[in-house]
Amino acid sequence: MNIPALNVEAAADPRSQDASSQLVAQFARASASLPGAGNAQIDDLREDAIAEFAVAGLPNRRVEQWKYTDLRRMMSEAYPPASAKSKPALTAAQVEAALGEAAGIDAVKLVFVNGALRHELSDVNGLPAGVSLTTLAEALKSHDAWVLAVLGRTNPQAGETVTLLNTAFMSDGVVLRLEPGAKLDRPVHLIHVTAGDTPLAATLRNIVVAGEGSEAAFIESYVSAGATPAQLNVVTELSVGPGAKLRHYKLSGENKRTQHLSSAMVELSEGADYLAVNFADGTELARHQTFLKYAGKGARAHFYGTQLLVERQHCDMTLIVNHDAVGCESREHVKAVLADHAQGVFQAKVIVQPGAQQTDGRQMAQALLLSDNAEFDAKPELEIYADDVKCNHGATSGALDDDLMFYLRARGIPEIEARSLLIQAFIGEVLDQVEHEGLRDALSARAARWLA
Amino acid sequence: MVADVETIERVSEIDVDKYKYGFTTDIESVRAPKGLNEDTVRYISARKGEPEWLLEWRLAAYRRWVTLTEPTWAKVHYPKIDFQNLYYYSAPKSTEGPKSLDEVDPELLRTYERLGIPLREQELLAGVQQKSRVAVDAVFDSVSVVTTFKKELAKAGVIFCSISEAVRDHPELVRKYLGSVVPITDNYYATMNSAVYSDGSFVYIPEGVRCPMELSTYFRINAENTGQFERTLIIADKGSYVSYLEGCTAPMRDENQLHAAVVELIALDDAEIKYSTVQNWYPGDKDGKGGIYNFVTKRGDCRGKNSKISWTQVETGSAITWKYPSCILRGDGSRGEFYSIAISNGFQQVDSGTKMIHLGKNTSSRIIAKGIAAGRSDNTYRGLVSAHRKASGARNFTQCDSLLIGDKCGAHTVPYIETKNASAQFEHEATTSKISDDQMFYVMSRGLSQEEAVALIVNGFVRDVLQQLPMEFLAETQKLIGISLDGSVG
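Line by line, the protein sequences are chains A and B. Heads up: the first sequence runs through residues 7 to 458, numbered per my numbering. Heads up: the second sequence runs through residues 2 to 491, numbered per my numbering.
Hints listed in this document are in silico derivations from the structure and should not be mistaken for laboratory results. Just so you know, these numbers come straight off a predicted model, no measurement behind them. Some clues are possibly wrong.
Stated by the list, open to error - 16 Å max Cα-Cα, derived EDC-like pairs, lysine to aspartate or glutamate:
1) K396/A to D408/B
2) K409/B to D394/A
3) K396/A to D170/B
4) K251/A to D191/A
5) K152/B to E173/B
6) K287/B to D255/B
7) K391/B to D191/A
8) K76/B to D203/A
9) K396/A to D255/B
10) K189/A to D150/A
11) K396/A to E452/B
12) K262/A to D191/A
13) K362/B to D394/A
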């Protein structure tokens, strides 16, 4: 293996080096035991990725896309990959407790603990015809030809650091495949729990391929059982076929010692319909990236995000929306409620390629600052090369409206309650977009708990 | 409505690749040796008879510049500039010696006549159309040729002269304020400018004075292979007011020419500065050959309480524009404004916008930016609005709209919004669209031709900004909008 920039030998002592060198060193130690090791295609994929990562290292704020999230500074140490051998004992009840409000959702459940699937906690019965569900670890170990053919092919982002790391270390995840016309009546729910008593890193790669005219909802929930520090890197590849309808919900509610990097790579075919709702109230550091590509005409994608942050939490939602087809529609709407020293970030770059006429794109970022120490940074960017388009973006930030507070207080509503009502209304616009009733109720209840 | 029809007529008279101000003036000039090194800096400083402190200041900037690399973050593309293959100083020979209008080379005067810039005060006064008077500082390549109405301004206590004269006659003011808004370490081009700036305008408005007339500087690049590096410094003392206009043109040449200016504005308590630019440097020909690289640093410092700085710019020229007139809102209750129309056509590249840095309490800012892209041009708005921890009550409203004419051009918006204070209220809106078929149909069904309809709609699109322009510039600007967009329908 050829690792150009960083010296593996010198990185032997994990404490003596920065996280970038540690990661390269970890790969050298772990590569042989990663799933699929020995298969030339998989090995090459991983080795190319780590070699490319080694040159650039973790991005710092001088890298434009990471201006507001200085990963090199914030991720000063790389935790060791979770060991497959030490499986923390975790009962179904403990998983439910960690999930909180989201536990009761009726779904096909896959429970991962520290990055590895737990069959005894999962429930994958009752899948309709035309739907196949497996795990990435299984697929890589068995050199599944179909998975190897699609892996890393959905809207790939050349040289993107987080996804490179994911490719190098990916150990498990959900592989969901819908044949043309297949319809899931219940959502597939990926539940990831970190547990144990030592810091750990987990790397998941999910693949969702929705064939022509299929319909599915995919929920990802990331939570913690206990206070273990953890680093997660999750890449979800979603290929939405012609006329297919995919709902993609995500809850990031881990403990505040967790760092979560995630990337959704989405490609939309003609007439595809994609909806994503992200709900983030956990982690100390989160970067949720979405890369959307319109490859067929008349597709639509809506992204809604909500950030509820306290203390020194940092959450960054970044989107690159690439309109490369005629007549497509995109919406990005993020709402952040920031207290204490929290920092919320929204970056969206909507690119309208030459020829992507009749594009209709809208972006909106809104922040509510509850403290003078909180910070919100927004960069809603447009890059447009076609003339017959309708694109706009907006951003607002400010404190709670005094007039609204006065209105409620004048009607005898105590201050704390009035605040809570206004904030619920503020984020309600995002939560209302969740089409699954059970999940919508669960997230609303979770938000109410956050406000209390 | 009438003006718009006039615009159309003017458009039809002038072809897009016939830049009206593209002539050259054949005049003998003195140049510094080619290239940039310490000797160039010393040459310029000696040539201008500058005091020791200023030479040291220039040299400090030069030594800093050597350590810097060119910025690449802007959305513009151009071949690497060979900074050693440029002349950094070029002056018409005849400007040496005392400056009275009668002694100025008649060839120079004819140049300004052709540009429509009045340099003879009496002519202006005797003019049939008695417009409001404008005092002009005319800068030709590296030197100021003449400044008009100096005596009358002096009666009001206003100092308006070339910056070289200011160094000689008012060194204490120059020394106090020069580089206090744009320090020599600021950025690549500003640092270079600090090392080699040759001339520019200096304005000081004393306490409580409302400047009796509009002040104006007209920049003209003439010499070949020469960069223009001018420096403008405007100080509005407590409670004063000044409105300042800037215009610029250059001959048509096949090679690209560099223009790297620095403008510093300082507004003390309750003072107001209104700075308007009509930038019409040579944009290159229809194949994208030639044109000015306009890499400019403009910044205003609202240093005093309740001070106000307002930038208005109409950008139609230059092959590449890289320019972000900014306001530092330091004084409590201070206000910054930015109104911009940026029109690009042909192969022009514009990356322009503003920064509003809210530092003081209850500061407010307003940004209205209209970008119009046609031909094969790229037009980017890049702006930053930030509120620091202590900027309680900061308010901003931003609106940036882009209009695309044709499907070979690009319009981009890159806003940065950073809020670190809960009581700061920021609003940002942006839209990108083309002229809709409905709008065209509506206007054309009333009997206007396609070109007329486009110009009418465009003039409506930029109206918010046009309203901010001084009267003197309004007619010229409407004309420019027409010229820049000619040949871009569809």
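Each hint, compared with the structure:
no., hint, result
1, K396/A to D408/B, "14 Å, holds"
2, K409/B to D394/A, "11 Å, holds"
3, K396/A to D170/B, "56 Å, violated"
4, K251/A to D191/A, "13 Å, holds"
5, K152/B to E173/B, "21 Å, violated"
6, K287/B to D255/B, "12 Å, holds"
7, K391/B to D191/A, "53 Å, violated"
8, K76/B to D203/A, "48 Å, violated"
9, K396/A to D255/B, "38 Å, violated"
10, K189/A to D150/A, "24 Å, violated"
11, K396/A to E452/B, "22 Å, violated"
12, K262/A to D191/A, "34 Å, violated"
13, K362/B to D394/A, "43 Å, violated"
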